[in-house]
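First residue of the sequence shown? That's 1 in the UniProt record's numbering, and the numbers climb one at a time after it.
These are calculated hints, taken from the structure and not from any lab test. For clarity, every value in this text was computed on a predicted model and none was experimentally measured. Some hints here could point you the wrong way.
To be verified - Cβ-Cβ distance ranges computed for the label pairs, FRET-style:
1) Gln48 <-> Gly193: 22 to 28 Å
2) Leu189 <-> Gly69: 40 to 46 Å
3) Gln48 <-> Trp192: 20 to 26 Å
Beta carbons are placed, not taken as given, at the ideal position from N, Cα and C, and that holds for glycine.
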Amino acid sequence: MTATTGMSWTPTFETFESYGELVARVRAGELGPDPATQRIAVAFTTRQAVRHDGRGSGYRNEVLSLRLGGAVGSCAVEPGALPDGAIDDCVGADVAQLLEHPLLPVRVAALDAYLMHVTAHTPRNGARPVPLPAGTSLEKSRARAKAVVELLDLPAGATVLVVGVVNSLLEALRSRGLSYVPCDLKGGLTEWGETVATDAAAEAGRCDALLVSGMTLGNGTFEPLRQHALTHGRQLVMFAQTGSAVLPRFLGHGVSAVCAEPYPFFWLDGGAGDVHCYGGPCPEGGR
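Construct the entire structure; sequences and hints are all you get.
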């Protein structure tokens, strides 16, 4: 079902009321070529450890990526959680097979690759490119954070649930006078010593909007957050390296805006690049 209300963005592709409905339609070959005819040529993982200058703590990332034609679909996983054999399962397999794979991150990466293949992030498809300047990893992180946070339409003093803690995003929220509740399954502390909650559902009710990582697709926590936003009329802005082509398909059905960032991600290259925004206010510098 195509969404037509609640957005300044006009969809140029079909959007859906649930993740299950989207997957079923892809399996049926209703959004593009039969997924049984689309084979994954390359599968790879990207592992990263980072500690930005001036920051007191670091973190690690691990991402599974699948290449279909000229498209790359990705799903982040907890470092070390992906079995070694997962890549071997993917290479040469068709998308229909991988949409049935026992590992959710494999299914998400395959879906992302397929949707990227049929609906790339282009202005023709409704994406607004926002340039990220060349620079250090921290400079690029802050530039991306600014683009993401500008998709929130909130007055100063509002409270945002941030699911998937990125210190640059918290910094950008602070600069706008927005309060936040940091939440991540790993828990811990933010750069400023704030306790990170681990139960997003328990915190969502006291927040005015949700700012959520695409990684929630890969760990199965996306749909409850989308349902909460839809039921309670809250903005849900997604920042998506995982599922960058998947999440725009829920605009108008709980998701209000998406900052889509397909592979290669900002942290892999010091050169200039783009993120692609859907819905929400137009970020400063967007084209």
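Q | Earlier hints that do not hold, by number | A | none
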